[in-house]
Amino acid sequence: MAQEQQVKESSYNSSCDAYFETIQNRKKLPHELQKSLTEAFARIPVSSFPEVPGGKVIEILADTTIADAVKILSACKILSAPVRNPDEGDTMNWRDRYLGIIGYSAIILWVLESSVGCLGALALGVTGPVAVTGLTVAAVGAAVAGVVATEKGFGKDAPTAASHLGEDFYKIILQEEPFKSTKVRSIQKSYRWVPFLPMSTDSSMLIVLLLLSKYRLRNVPVIEAGQPVVKNYITQSAVVHGHERCKGRDWFDIISACPYLTWDFHSCLAMSNDLILEAFKRMRDNQIGGLPVVEGPKNWIVGNVSIRDIRHLLLRPELFSNYWQLRVMDFMNTITASSEEAGKIKQPITCKLDSTLGSVIHSLACKSVHRIYVVNGNEDEVIGVITLRDVISCFIGKN
Numbered sequence: 001m002a003q004e005q006q007v008k009e010s011s012y013n014s015s016c017d018a019y020f021e022t023i024q025n026r027k028k029l030p031h032e033l034q035k036s037l038t039e040a041f042a043r044i045p046v047s048s049f050p051e052v053p054g055g056k057v058i059e060i061l062a063d064t065t066i067a068d069a070v071k072i073l074s075a076c077k078i079l080s081a082p083v084r085n086p087d088e089g090d091t092m093n094w095r096d097r098y099l100g101i102i103g104y105s106a107i108i109l110w111v112l113e114s115s116v117g118c119l120g121a122l123a124l125g126v127t128g129p130v131a132v133t134g135l136t137v138a139a140v141g142a143a144v145a146g147v148v149a150t151e152k153g154f155g156k157d158a159p160t161a162a163s164h165l166g167e168d169f170y171k172i173i174l175q176e177e178p179f180k181s182t183k184v185r186s187i188q189k190s191y192r193w194v195p196f197l198p199m200s201t202d203s204s205m206l207i208v209l210l211l212l213s214k215y216r217l218r219n220v221p222v223i224e225a226g227q228p229v230v231k232n233y234i235t236q237s238a239v240v241h242g243h244e245r246c247k248g249r250d251w252f253d254i255i256s257a258c259p260y261l262t263w264d265f266h267s268c269l270a271m272s273n274d275l276i277l278e279a280f281k282r283m284r285d286n287q288i289g290g291l292p293v294v295e296g297p298k299n300w301i302v303g304n305v306s307i308r309d310i311r312h313l314l315l316r317p318e319l320f321s322n323y324w325q326l327r328v329m330d331f332m333n334t335i336t337a338s339s340e341e342a343g344k345i346k347q348p349i350t351c352k353l354d355s356t357l358g359s360v361i362h363s364l365a366c367k368s369v370h371r372i373y374v375v376n377g378n379e380d381e382v383i384g385v386i387t388l389r390d391v392i393s394c395f396i397g398k399n
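Numbering follows UniProt numbering, with no gaps: position 322 of the sequence shown is 322.
Each hint should be verified, as a subset may be incorrect.
The calculated label-pair distances, taken between Cβ atoms and stated as ranges, are [said to hold, decoys possible]:
1) D330 with D87: 46 to 56 Å
2) P86 with E295: 49 to 59 Å
3) N333 with K247: 33 to 43 Å
4) L197 with T91: 15 to 25 Å
5) A337 with S181: 39 to 49 Å
6) R95 with A337: 48 to 58 Å
7) C366 with R249: 11 to 21 Å
8) D330 with S15: 28 to 38 Å
9) S47 with N333: 49 to 59 Å
10) W251 with N333: 44 to 54 Å
11) S204 with C366: 25 to 35 Å
12) N322 with T91: 53 to 63 Å
SDA-like, lysine to any residue: derived pairs with alpha carbons at most 25 Å apart [to be verified]:
13) K189 with A67
14) K247 with T38
15) K281 with N333
16) K231 with N85
17) K183 with A62
For the record, the hints were derived by calculation from the structure and aren't laboratory data. Owing to the predicted nature of the structure, the values given are computational and were not obtained by experimental measurement. Each residue gets a CB set at the ideal place from its N, CA and C atoms; glycine is no exception.
All chains, full assembly: derive it from the sequences and hints.
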């Protein structure tokens, strides 16, 4: 088990190094400007970053049931929270006080693995005719419906994302077994994908930016020196929104005027005549939350599908009686005709090949999305994608 964990960590670190090296090599920021920017972030303390709304980070006790944890996350309109160990009382050591972070991502993964049946396999990437009833339909459907708004981001701030999770998700989590009585403590370690790495208030923002970009963390807890309590939460989205608010400052205006890099993704797209189940499987295999839908030999973008859209298959089966044969375009058209959210789901956010970093940041922040597709010229040929992680990586250098 220890050896297996070491292999996973080594693979993770190698992946992070390769990603960061690629981003750094594709940057178009002048070297001296990049150096000055990195040095500036190294001097900015974490304490200068705005606090979470309300000024207090919500915590969840380890012996809280999953049902109550969902209620807390939902009521507070947040996606995750630190897990506090009630057995440690008033300890002054944060390592004893906190067991990690619990969020919809962990809960959803647990629901998927706890839900048995063919549809559970479908949600994890198995295609073909399936037939299930009862709890599995609602549990898996609701779980996958939440994936986009939470773990993969898929582009929403906490309040918006929470509103997209859906009534069925909460109903199953709150009312059925084993969901009803399972404690946070029992799933927190098994479904932890990233380490719990709080930064002190006197740490530099450079370290935080590295964690949010190179090391792929989606949030970084902040503690005060000598105190065991998490004081703040810094997210990828919050950082990019922070960059957007820097408009008008000389250094930002210089950087924002620079052209941006592009990110190739080749097979990470869906043709309009692909099976929709294959599109969902592709997202799962590549650990991404959305795909551009393209047509023609030049991959002209005509729409967008996200993993959250699978909820339409699972929760509205009356619309898709032959869903294992359904094509992507037919799927999008059906949703467009029957869903109030169709316009939001189907309109991909795009930028041109020569778009500036500033315009990319503006689109990501204003549209509250986690990715923007790069298109070539006037033909809307998809040639790349830019994520929050990519943008943050542009503001820091190797050393």
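Quick rundown of the hints versus the structure:
Distance hint check: the CB atoms of D330 and D87 are about 54 Å apart, consistent with the given range 46 to 56 Å. For the pair P86 and E295, the beta carbons lie near 56 Å from each other, so the given range of 49 to 59 Å is met. The beta-carbon spacing between N333 and K247, approximately 39 Å, falls within the hinted interval of 33 to 43 Å. Our hint of 15 to 25 Å for L197 and T91 holds, since their Cβ atoms are close to 19 Å apart.
Between A337 and S181, the C-beta spacing of about 41 Å keeps the proposed range 39 to 49 Å intact. Distance hint for R95 and A337: a CB-CB separation of about 54 Å, consistent with the stated range 48 to 58 Å. For C366 and R249, the hinted distance range of 11 to 21 Å is satisfied, since their beta carbons lie about 18 Å from each other. Hint check: D330 to S15, Cβ distance near 36 Å, so the stated range 28 to 38 Å holds.
Distance hint check for S47 and N333: the Cβ-Cβ separation is about 51 Å, which falls inside the suggested range of 49 to 59 Å. Under the hint 44 to 54 Å, the C-beta atoms of W251 and N333, about 46 Å apart, fit the expected range. For the hinted restraint 25 to 35 Å between S204 and C366, the CB-CB distance of approximately 28 Å keeps it satisfied. The supplied range of 53 to 63 Å is met by N322 and T91, whose beta-carbon atoms lie about 58 Å from each other.
For the proposed pair K189 and A67, the alpha carbon gap of about 18 Å is at most 25 Å, so the pair holds. Of the supplied pair hints, the one linking K247 and T38 holds, its CA atoms being roughly 18 Å apart against a limit of 25 Å. Proximity of K281 to N333 is assessed by CA-CA distance (about 20 Å); at most 25 Å being required, the pair is judged to hold. Taking the CA atoms of K231 and N85, the gap is near 17 Å; set against the 25 Å cutoff, the hint holds.
A threshold of 25 Å between alpha carbons decides the hint, and for K183 with A62 the separation of about 7 Å falls inside it, so the pair holds.
When each numbered hint is compared with the structure, no violation occurs for any of them.
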